[in-house]
Amino acid sequence: MIQKLVNILLVEDDEVDVMNVKRAFSKNNIKNELFVAGNGVEALDMLRTSIVPLPRIIILDINMPKMNGIEFLKNLRDDENLKNISVFVMTTSNEDSDKINAYNLNVAGYILKPLSFEKFITSVATLKNFWSLCEM
Amino acid sequence: MVGANILLVDTCKTYFENAAKAFSEIGIQATLRFAKNDIEAWSMLKGDDKLLPIPKIMLIDINAEGLNGIDLINKIRLDFELKSILIFVVSDVNNSENKRAALNLNIAGYMHKPFEKGEMIDFFSTLNDYWNSIEFSS
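Protein chains in written order, with the working numbering: chain A, 7 to 142; chain B, 40 to 177.
Calculated directly from the structure, the hints in this document are not laboratory data.
Accuracy of the hints is not assured; some may be wrong.
Said to hold, decoys possible - Capping the alpha-carbon separation at 20 Å, the derived lysine-lysine pairs in PhoX-like fashion look like this:
id	chain 1	residue 1	chain 2	residue 2
1	A	Lys28	A	Lys134
2	B	Lys138	A	Lys89
3	B	Lys52	B	Lys122
4	B	Lys60	A	Lys80
5	A	Lys134	B	Lys122
6	A	Lys89	B	Lys114
7	B	Lys89	B	Lys122
8	A	Lys28	A	Lys89
9	B	Lys85	B	Lys60
10	A	Lys33	A	Lys134
11	B	Lys138	B	Lys52
12	B	Lys75	B	Lys60
13	A	Lys119	A	Lys134
14	B	Lys52	B	Lys75
15	B	Lys122	A	Lys89
Stated by the list, open to error - Here's a subset of chain A near chain B, in silico, CB distances under 8 Å, partners left out:
id	residue
16	Asn90
17	Phe126
18	Glu141
What the hints assert, rightly or not - Over the 12 Å line for every Cβ pair with chain B, so calculated as not near, a few chain A residues:
id	residue
19	Asn26
20	Lys33
21	Glu39
22	Leu40
23	Arg54
24	Asp102
25	Asp104
26	Glu124
27	Thr128
28	Asn135
29	Phe136
Idealized CB from N, CA, C, for every residue including glycine.
Next up, chain B with everything else stripped away, as it sits in the complex:
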């Protein structure tokens, strides 16, 4: 995880800042990056100034307005370089159609989005324990 990039795709910059604070408080050894929508995320993954190393983990709020998360996951799954990214979907609204679509695209997990500080710490701690327990390709 040291030196790795984790890309958060969310329309709310404040949410990213709070998540980054939680990352630092927990001591997560990866850098959290931010894209405000699917288009920005795609350019961070495939554009001229793409993130290096390519993130192996992404967090996406698929039900945020102005962000086409399903389209983004679809494009990732069809791209030779990106298809193996572990995608964790977070959402605070019920949208069973999007949920089914995301699960069909083999996301690693569909999770309730935490907001309150303590909730965020618990959530990202559990995820971090999981990330540290699994192997990634070199």
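Next up, chain A with everything else stripped away, as it sits in the complex:
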């Protein structure tokens, strides 16, 4: 995935977390273009209007205003043109119901948001290594 420079859409309402992801990408030397949507409605719009070009993957927060991560996932999986996109949840929610709902909607992974920036870098590095094994 990484070699082909997949476009990454980060769906996240918290500006500090957006900054952390951007910094962790830069620390890990991830060159993929990063797009940001502040909630599910905005994210669907960016995907449907191809503001985020193919190929693409999504990093998704759960608790967001307007349309939360689970609602967004339902919409994504119901859309013929978007349903095959790989989604990685990154959230502070440790609720079992969120994990069950996310995996039932076939996310590729559910990651708890690391509390320190150092751990953020490690988490993103693990994701990068996994992405490097995957073909789109």
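Got chain A sorted already, so can you dock chain B onto it with the hints?
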């Protein structure tokens, strides 16, 4: 991962044995199970003697002859109890039709299948790091 079952579906028993060796060498805390085709896999997931706990992770070679991987993934996705399984597809041949079909069934990753020992260790180490970094439902 401790006590978990990971199900490998592959027509080659030797491949499973080599993968199991790599698992033990890396120290992966889950038990690797083996099904030689989609039919055997389905009975291990849904039959009278099904695997318990139900695997949360599967590895499937979808292009192996005599194994209908796409059919298997399709059935898993339609089954209430199994649909949430993380499915990692491995293959050493190019079959863009199968690849597209697998990606449409929301597999967690489509990956080049490693064979040589060092390659297998690297591959499963990276996967194991990833598995350890994600949360599963209890």
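Query raised in the report: Which of the listed hints are not met by the structure?
Result: 3, 4, 5, 8, 9, 11, 17, 24, 25, 27, 28 and 29
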